[in-house]
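Residues per chain, in single letters:
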Amino acid sequence: MTHPIEIILMRELAGHLATPIFVIDSEGDLLFYNEPAEKLLGSRFDETGMMPFAVWTTAFHPTNEQGTPIPPNELPLAIALHEHRPAQGHMWILGLDGERRRLTVTAFPLQGQWGEHLGAAAIFWQEQ
Amino acid sequence: MKVTVWGTRGSQASPGPDTVRYGGNTSCIELQAQPDTRVVLDAGTGLRRLGGELSPNVRRFDILLTHLHMDHIQGLGFFSPLFRHDFEVHIWGPGSATADLRTRLTRYMSPPLFPVRLPELPCDLHLHDLNDAPVEVPGFTVHAALVCHPGPTVGYRLTGADGSLTYLSDHEPMLACSRFADSPEWCSGLDLAVGVDVLIHDAQYSDAEYEDRIGWGHSTLSHALAFARLAKVKHLVPFHYDPEHDDDMLDAFFDASMRGHESFTVLPAREGASFEVLEHARI
Numbered sequence: 001m002t003h004p005i006e007i008i009l010m011r012e013l014a015g016h017l018a019t020p021i022f023v024i025d026s027e028g029d030l031l032f033y034n035e036p037a038e039k040l041l042g043s044r045f046d047e048t049g050m051m052p053f054a055v056w057t058t059a060f061h062p063t064n065e066q067g068t069p070i071p072p073n074e075l076p077l078a079i080a081l082h083e084h085r086p087a088q089g090h091m092w093i094l095g096l097d098g099e100r101r102r103l104t105v106t107a108f109p110l111q112g113q114w115g116e117h118l119g120a121a122a123i124f125w126q127e128q
Numbered sequence: 001m002k003v004t005v006w007g008t009r010g011s012q013a014s015p016g017p018d019t020v021r022y023g024g025n026t027s028c029i030e031l032q033a034q035p036d037t038r039v040v041l042d043a044g045t046g047l048r049r050l051g052g053e054l055s056p057n058v059r060r061f062d063i064l065l066t067h068l069h070m071d072h073i074q075g076l077g078f079f080s081p082l083f084r085h086d087f088e089v090h091i092w093g094p095g096s097a098t099a100d101l102r103t104r105l106t107r108y109m110s111p112p113l114f115p116v117r118l119p120e121l122p123c124d125l126h127l128h129d130l131n132d133a134p135v136e137v138p139g140f141t142v143h144a145a146l147v148c149h150p151g152p153t154v155g156y157r158l159t160g161a162d163g164s165l166t167y168l169s170d171h172e173p174m175l176a177c178s179r180f181a182d183s184p185e186w187c188s189g190l191d192l193a194v195g196v197d198v199l200i201h202d203a204q205y206s207d208a209e210y211e212d213r214i215g216w217g218h219s220t221l222s223h224a225l226a227f228a229r230l231a232k233v234k235h236l237v238p239f240h241y242d243p244e245h246d247d248d249m250l251d252a253f254f255d256a257s258m259r260g261h262e263s264f265t266v267l268p269a270r271e272g273a274s275f276e277v278l279e280h281a282r283i
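In order, the protein sequence lines correspond to chains A and B.
When you line the first sequence up against our numbering, it's residues 1 to 128, in that order.
When you line the second sequence up against our numbering, it's residues 1 to 283, in that order.
Simulated from the structure, these hints should not be mistaken for laboratory data.
Every residue gets a Cβ at the ideal spot worked out from N, C-alpha and C, and that includes glycine.
Misleading hints may appear alongside valid ones.
[Said to hold, decoys possible] Covered stretches of chain B (in silico footprint by chain A; criterion: 3 or more residues with CB under 8 Å from a CB of chain A, positions within the stretch not fixed):
hint : region
1    : 89–97
2    : 144–155
3    : 170–184
4    : 188–200
[As the list claims (entries may be wrong)] Capping the alpha-carbon separation at 25 Å, the derived lysine to any residue pairs in SDA-like fashion look like this:
hint : chain 1 : residue 1 : chain 2 : residue 2
5    : B       : K2        : B       : T37
6    : B       : K232      : A       : L9
7    : A       : K39       : B       : R179
8    : A       : K39       : B       : S178
9    : A       : K39       : B       : S183
Kindly generate the complete structure, drawing on both the sequences and the hints.
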């Protein structure tokens, strides 16, 4: 089954940008993250591959400033996916390389040309 | 299913002594599955001649537009059935995120670009916005899907009693996924073409030309061949030739590119040519 063209082009754009980008489909499953994102997540996409929503939302152990785990549905990407609106947040993650990093995440919904909700994408960067 | 090619050219009509064999009119393909109806793929300048050579039995046309670039709609204003009371014409095509097909088409079919407005056309005219739901036109079930080309652009797969045909006139799968032949799920347009009897596909550029035209929305013949292999089609019809490519250049182009053995036949589109798609994809 081929992905919708909007998702295909989103992935291709991400593959050409130096901005870390994460793309999920309409079910919330991870479809792709690009090379700049690999550095922050501590793992190559070729190694992790596609991940179900329940896996990627916990795999990086996102926590708030107080160290409290962030529930999956409160992550900016999940908000963009489920509420069809942009969302932003700050969090600490534990990369798969064992490094803790503080990230700012801005997520936005991907709405298709025919009005369908295709998923969401997020850009994120590390706070020093 | 009888297929007649009325326009092969992309971007701009290019009539003249150098294009008589492959043709100079822009995209237009006629499909005949029933005696009194016709399905037309795109309304390029080739549509005018189709309108002038009608069988007297035909009373209904379904025109499927891939997109609204001028080389795909310019023939509409000169299509004689639109100006006759005794014709039923259905135009199908993609709207955009902000405007429906009628609104978008009216930008051309209204002054100052054209003297006649859509509501003034005497035929029984119906406009249909397409989405991903299949639709029925006389003789065919039609599936549309958005494909990689600038602006809202669809490809079509038509399935009739005699076989299936996929039309991807303006398509750049290489832009959407540079390794598309290895990544089927990331290949634009593939679902429309898998296992189809006849694939009519964009083959606008040479490999050398493509390097300077990445992102313009078109393929090379090499891309079309790779796409056809991936889709496991039975027949490939290269189409949508660049206006700068004359007959000799296209002859050389096809001779050089088709020396390898393929599991499908390659029949370059030629204006005025017809072929029949019979049961089991014999043509």
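Outcome of the hint check:
1. 89–97: holds (count 3)
2. 144–155: Satisfied; 5 residues make the cut.
3. 170–184: holds (count 5)
4. 188–200: Holds, because 4 residues of the region 188–200 of chain B bring their Cβ atoms closer than 8 Å to Cβ atoms of chain A.
5. B/K2 to B/T37: holds, 12 Å
6. B/K232 to A/L9: holds, 24 Å
7. A/K39 to B/R179: Measuring from Cα to Cα gives roughly 23 Å; hence the hint holds.
8. A/K39 to B/S178: OK: A/K39 and B/S178 at ~23 Å, within 25 Å.
9. A/K39 to B/S183: It holds: about 24 Å lies between the C-alpha atoms, which stays within 25 Å.
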